[in-house]
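> Each chain is listed here by its residues.
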Amino acid sequence: MDRLIADDQLIARVAAADSVALETLYMRHQNRVFGFIARIVRDEAVAEELTNEVFVDVWKHAGGYEGRSRATTWLLSIAHNRAISALRKRREEPWDDDTAAGLPDEADDSEVALQKADKGRLLRRCIDALSSEYREIVDLVYFHELSVAEASAVLGIPEGTVKTRLFNARKRLSVLLKDAGVDRGWP
Amino acid sequence: MSEDTKTRRDAVEMMLPFYVTGQLDQAEANEIDDYLKHHPDVASQLDLVRAERESAAAGNAIYASRPARSFDRVAAMIGKAPAHRARTAASPLDWIRQLFAMPSSPALGLVGAAAAIVILLQAATIGTLVVSQYPGIFTGASGGNGTVDAGTTVVVRFADDASAAAIADVLSGLGVKIIDGPRGGKLFTVRIGPKTMNESERERIIAALKARSDLIVFVTQTP
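Same order as they appear, the protein sequences are chains A and B. Going by this note's numbering, the first sequence opens with residue -4, and the numbers climb by one from there. Going by this note's numbering, the second sequence opens with residue 375, and the numbers climb by one from there.
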């Protein structure tokens, strides 16, 4: 298949039951979708299966893609719905849990000292310790580099909520860092 | 601080992540620029936002560099036979071709003829770097997924407007090589030395990469 075929064109081909186009989309985007889901469900085996299901959804619903958003935004939207549905079935963590409260307790004194010396690593741990809801918005904006409108489309929430959710996630990060001994002076 | 002032400040602070990732339109970005010029205390938050971005990328890097999975399972689920039975590349050049046949980011995406040319140039340049300077990193068994021999690696995100020539110049000057990418989130894995390299040398290379912020948005150690 021609390397210069854009995602939109591939989805149009998938809508016409072209499985080669679906395979190309899969090879192109599977890691993005897998990583996004894995960060939400925190189970790689589950994420593998959900990733496959996302592309089955693409196969079934490609005809409904109208090209108003980027293909990656559409894929992440499907992935979000799959991941949230799986979480609800599992009745796992509540959306706004406070898992990070115990973060400093997990480390012994020497490790805490090391973490303080490596703020980047500590910040990463704090992001990982956010609730799924907060971690997801952080990943969408910082890693997947979505705009406000795109994140709104993926999550199915108003644009204002996108902004406040990320704002609150960042404030929560500051609390977690402070609990771990790092005051970053904001908010 | 008046209520209006606080509201305006909050509004700007809420937009800083999108400002840093370049996801604002020109008018919005200009508004933030103007506000930051007059409010250095808010401008200082940009470093926090950049650090958050870098850490988010580091947390995702492990997934972004995951070897590609076969399409077979999905094919079975939709009742179709996969078209491409053999996904394993036969040579480094094949791997490079596959790699750049799968642009997944806006920066490397297909937004017109000019972008397509850039992609081909990047493929050629990076491919040349990898193939000519790392003839031994691809094995017959694992060459197709970009797996390489052990080494000390970092994950980097190049600036969208960085040219392949400039990137090649910096990397070759430091004696480091791209060994994988682009993966989700526009990330490349860069080998900065052998597994046994000492910490001071590792820190020196990372600092040198970070110093080229005109070309490299962030550098993060692999998880």
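Heads up, some of the hints might be wrong.
As the list claims (entries may be wrong) - Distance windows between CB atoms, simulated:
| # | chain 1 | residue 1 | chain 2 | residue 2 | range |
| --- | --- | --- | --- | --- | --- |
| 1 | B | R447 | A | K84 | 35 to 45 angstroms |
| 2 | B | N404 | A | P153 | 38 to 48 angstroms |
| 3 | B | A455 | A | T159 | 45 to 55 angstroms |
Said to hold, decoys possible - If you want a taste of the chain A side facing chain B, the calculated C-beta under 7 angstroms gives, among others:
| # | residue |
| --- | --- |
| 4 | Y60 |
| 5 | L82 |
| 6 | F162 |
Note that these hints are calculated values from the structure, not bench results. Cβ coordinates follow ideal geometry from the N, Cα and C atoms, glycine included.
> All hints are to be evaluated individually against the structure, with a verdict given for each.
Hint check results:
1. Between B/R447 and A/K84 the Cβ separation comes to about 20 angstroms, which falls outside the hinted range of 35 to 45 angstroms.
2. About 25 angstroms separates the C-beta atoms of B/N404 and A/P153, a value inconsistent with the hinted range of 38 to 48 angstroms.
3. Remark: the range hint 45 to 55 angstroms for B/A455 to A/T159 is upheld by a beta-carbon distance near 48 angstroms.
4. Annotation: interface hint on A/Y60 violated; nearest CB of chain B at approximately 16 angstroms, more than 7 angstroms.
5. Given hint, A/L82 at the interface with chain B, is violated; its Cβ is 18 angstroms from that chain's nearest Cβ, farther than 7 angstroms.
6. For A/F162, the interface hint holds, since its Cβ comes within 7 angstroms of a Cβ in chain B; the closest pair sits about 5 angstroms apart.
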